[in-house]
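**Student:** Single-letter residue listing:
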Amino acid sequence: MTSQIIGSDLDDLVRRIPNGAKLAIPKTDCAGAMAATRALIRRKAQNLHLIVVPTSGLQADLLIGAGCVETVEGSGITMGEYGQAPCFGRFVREGRIKLKDSTCPAVYAGLQAAEKGIPFMPMRGLIGSDLAAYRDDYTIMSNPFADDDPIMAVRAIQPDVALFHTPLADRHGNVWVGRHKPLMLLAHASKETLATVEEVREDNLLDDPVYGPATIPSIYITAVAQAARGAWPLGLTGHYREDSEHFAEYMRLAATEGGMVDYLDRHVRRVGVAAE
Amino acid sequence: MSAGSALQRNKPIVDYAPEELLIVTVARLLEGIRHVAVGTASPIPGSAALLAQALAGGDMRVSILGSRESQVWSDTGVELFDCAGQGRIDAFFLGGGQIDGQANINLVGVGDYPHQKVRWAGSFGSAYLYFVVPRVILFREEHTRRVFVPKVDFISAPGTSAPNVYRPGGPWALVTGLCLFGFDRDKRRFRLESVHPGHTLEEVRDNTGFDFDIPDRVAETPAPAPGTLALIRDRVAVEVADAYPHFAKRVFGIGRETEAAI
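Respectively, the protein sequence lines represent chains W and H. Everything in the first sequence is counted per our numbering, starting at 1 for the first residue and increasing by one. Everything in the second sequence is counted per our numbering, starting at 1 for the first residue and increasing by one.
Some hints here could point you the wrong way.
Said to hold, decoys possible - Ranges of calculated distance between the beta carbons of each label pair, as one might list FRET restraints:
{"id": "1", "chain 1": "H", "residue 1": "Ala-162", "chain 2": "W", "residue 2": "Tyr-134", "range": "44 to 50 angstroms"}
{"id": "2", "chain 1": "W", "residue 1": "Pro-150", "chain 2": "H", "residue 2": "Asp-82", "range": "50 to 56 angstroms"}
{"id": "3", "chain 1": "H", "residue 1": "Lys-117", "chain 2": "W", "residue 2": "Asp-149", "range": "35 to 41 angstroms"}
Said to hold, decoys possible - Dumping the calculated DSS-like pairs for lysine-lysine here, alpha-carbon to alpha-carbon at most 30 angstroms:
{"id": "4", "chain 1": "H", "residue 1": "Lys-117", "chain 2": "W", "residue 2": "Lys-44"}
{"id": "5", "chain 1": "W", "residue 1": "Lys-98", "chain 2": "H", "residue 2": "Lys-151"}
{"id": "6", "chain 1": "W", "residue 1": "Lys-22", "chain 2": "H", "residue 2": "Lys-117"}
{"id": "7", "chain 1": "W", "residue 1": "Lys-44", "chain 2": "W", "residue 2": "Lys-22"}
{"id": "8", "chain 1": "W", "residue 1": "Lys-98", "chain 2": "H", "residue 2": "Lys-117"}
Since the hints were derived computationally from the structure, they do not count as laboratory data. We put the CB at the ideal spot given by N, CA and C, even for glycine.
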């Protein structure tokens, strides 16, 4: 029997991301669910609290530029070799988004606390940085096992929804993540997890000794939608390359507010795209 | 160059690119290291780490993040940070849109936070790795007063900490397009170690917005030896092209610029 988890279409999937949700997405090389992200923009999502785990690129910039984001939390938004993230920079400059700047291991630490069901995680570093100065969810505590050892406590981060794309799921709703273990952490920590995948297999991935250890059990998965080339224009390890021409076009158009409207019309809102 | 005189024929003619001088200079800072990790978008530090590895007869572990053909991690997330937290990484590289005289680094932006007039990507792992990796080498090619400021606008990661703060790591040196600084953690100041060939102390002073210590006699950064250059061009160039194909193509003229591996 095929699980209820399997078989959503993209529009069903993104309806599970309400306005104002704390939405967590993985870093670019873990493959963002770009097709679902475009569906989310078409749904006119608003006031999202976007948690990038721990960084993002095009996916976050696109959501920001489309006006879906109220707060960005994470340790970096970059377009890598293409340059600075254009919409992120513009929205920060114009005071149109709130920021919760962090450092990579603090994002993981917060998710690890949520994964374990504990209120915070202690971690090294951070003391004396302005990151800590601007965060009310970071505070210095004393190591209870030492005399004088201040250590940073990072409050648990529990996203409402995690959204990501991977190559493979099975019909039971188990989702393979490969070496991208942060996706497993993300699923464990989040209230709901939505995945898009290239392919859905019949056999149970958890029974396979090779796939099993790198597979998120369906207990953590809310819904899976099949989306061929669902990470495009990002690349997907072992499947397809990043579309560098598209990135160049994005950088050109997203540099201005008007250009961004053009981009969204052309690649997100136009009818042909809606079929994806 | 004209087909030479006797003088020119007797003397080794070594032309090198500015990048090659920086690679050699950074590699020298890695002597004796067991494990160096290199972050994303760091082609010169990455090349330097590979050169240091070659010079150490391979007896050095180099972990380049974003390298496609030679994976060293089984996890794309916390593994690097946990590894560093345990002291398993001896050296790492950080940069900064701004760096000040106390080695505070700013990767966030220019102006009053949060709504800064210039916003950069963000702090990434700096606020952690700067504390736990013993030999953090600051690398910033652009040497201007825009970068080397009296005081950073935002401290992504502080250069020094109070004595009771757990901090086995911190700044070790700063390499720029003009010179090499060392960092004195007790004095909390940079010290000029050497000025690159073709540049002067005055140029360094004019382009640095903070105060630093200057030795009585300022050394010149040694130029790459011919054997080292050969090693860079024959071996390092090929290896670094895996993670940095564009850089390898531009500086060494090798590889497949448009052929990013899947």
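**Student:** The structure should be examined with respect to each hint, and the outcome stated for every one.
**Tutor:** Evaluation of the provided hints:
no.: 1; hint: Ala-162/H - Tyr-134/W: 44 to 50 angstroms; in the structure: violated (20 angstroms)
no.: 2; hint: Pro-150/W - Asp-82/H: 50 to 56 angstroms; in the structure: violated (21 angstroms)
no.: 3; hint: Lys-117/H - Asp-149/W: 35 to 41 angstroms; in the structure: holds (39 angstroms)
no.: 4; hint: Lys-117/H - Lys-44/W; in the structure: holds (28 angstroms)
no.: 5; hint: Lys-98/W - Lys-151/H; in the structure: holds (25 angstroms)
no.: 6; hint: Lys-22/W - Lys-117/H; in the structure: holds (27 angstroms)
no.: 7; hint: Lys-44/W - Lys-22/W; in the structure: holds (16 angstroms)
no.: 8; hint: Lys-98/W - Lys-117/H; in the structure: holds (15 angstroms)
Consistency note: the structure conflicts with the earlier hints numbered 1, 2.
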